[in-house]
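Under full-length UniProt numbering, residues 1 to 278 are what the sequence shown spells out, in order.
FYI, nobody ran anything at the bench for these hints, they're computed from the structure.
Using N, Cα and C, we set each Cβ at its ideal position, and we do this for glycine too.
Mixed in with the good hints there might be a few duds.
[To be verified] Label pairs and their computed distance ranges (CB to CB):
| id | residue 1 | residue 2 | range |
| --- | --- | --- | --- |
| 1 | D261 | V60 | 50 to 56 Å |
| 2 | D45 | A201 | 20 to 26 Å |
| 3 | P224 | P66 | 23 to 29 Å |
| 4 | A201 | A239 | 17 to 23 Å |
| 5 | G166 | P25 | 19 to 25 Å |
| 6 | A64 | Q267 | 39 to 45 Å |
| 7 | G166 | A61 | 25 to 31 Å |
| 8 | A168 | R266 | 33 to 39 Å |
| 9 | L241 | P49 | 49 to 55 Å |
| 10 | L241 | P25 | 44 to 50 Å |
| 11 | K30 | R195 | 16 to 22 Å |
| 12 | A129 | A202 | 23 to 29 Å |
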Amino acid sequence: MPAAEVSSGPAAAPLTWLYVPADRPDRIDKALGGEADMVIVDLEDAVAPENKGVARAGVVALLATPQPRVEVRVNDVRTPYGQADLHALGSLLHGGGGLRIPKVESADEVRWIADAVPGVPLRLIIESALGLERAFEIATASPAVAGIGLGEADLRADLGVTDEAGLAWARSRIVVAARAAGLPAPAQSVYTNVRDLDGLAASCAAGRAMGFRGRAAIHPIQLPVIAAAYRPTREEIVAALEVVSAADQGAVALADGRFVDEAVVRQARRLLSDAGDR
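Starting from the given sequences, assemble the full structure and let the hints guide the process.
As structure tokens, this is what we get:
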């Protein structure tokens, strides 16, 4: 059976996401004209408290026209800011990318949000030990959940983690929870050193090896690095085609001795599907 006819799991998610402050319409316009697969208009961390009302009004104006490449990160929904965001934006996002919900800690919270903004896709960001412990419960709380991910800065603070090794289990946990829930593979959290592109590339390679797919960026200069790291290489595509071809011909092993079992074929088809997304 040709690879294109085989479903290897959930629908593919964007590879590149770019955060843009919601109170900077000039940057939003530039981002929408750029190469990011999805633009995250940020009402939370990127906007000072005194500017949140003006920023929210600007997002309402932006969403008056359907924006399929726009996802809005709202404020913590436990706060008046977050509740005002839901009230103002929920009915405007049916033609867009949906809402990014920070600091999610329970399935009840997810269901409450889904009821408040019916029909809007929700991408849930887990940023605490409690949320991480409940990752699968959160991921399966509502059909409105479009994906889950980590907010690593807040999670580091909550756990008292001071190096990359301390987040290894949390990262694996979120990948497993997403897959078990039938959701797309999660995107990596942001890499905050915008000048360290070599470090970003290495971090993306490690994330891809762990099962992440794609990454959020905080500067446009990071986008090509993320895309290159997550797109299958020519060598990977050739190797996957070899596996699929051998399987279609009934072979159980390749010429170099590698077995062609079901799991290997499934992984090859998934890689070819990813390659075809771009």
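Unmet hints by their number, sorted upward, for this structure: 5, 7 and 8
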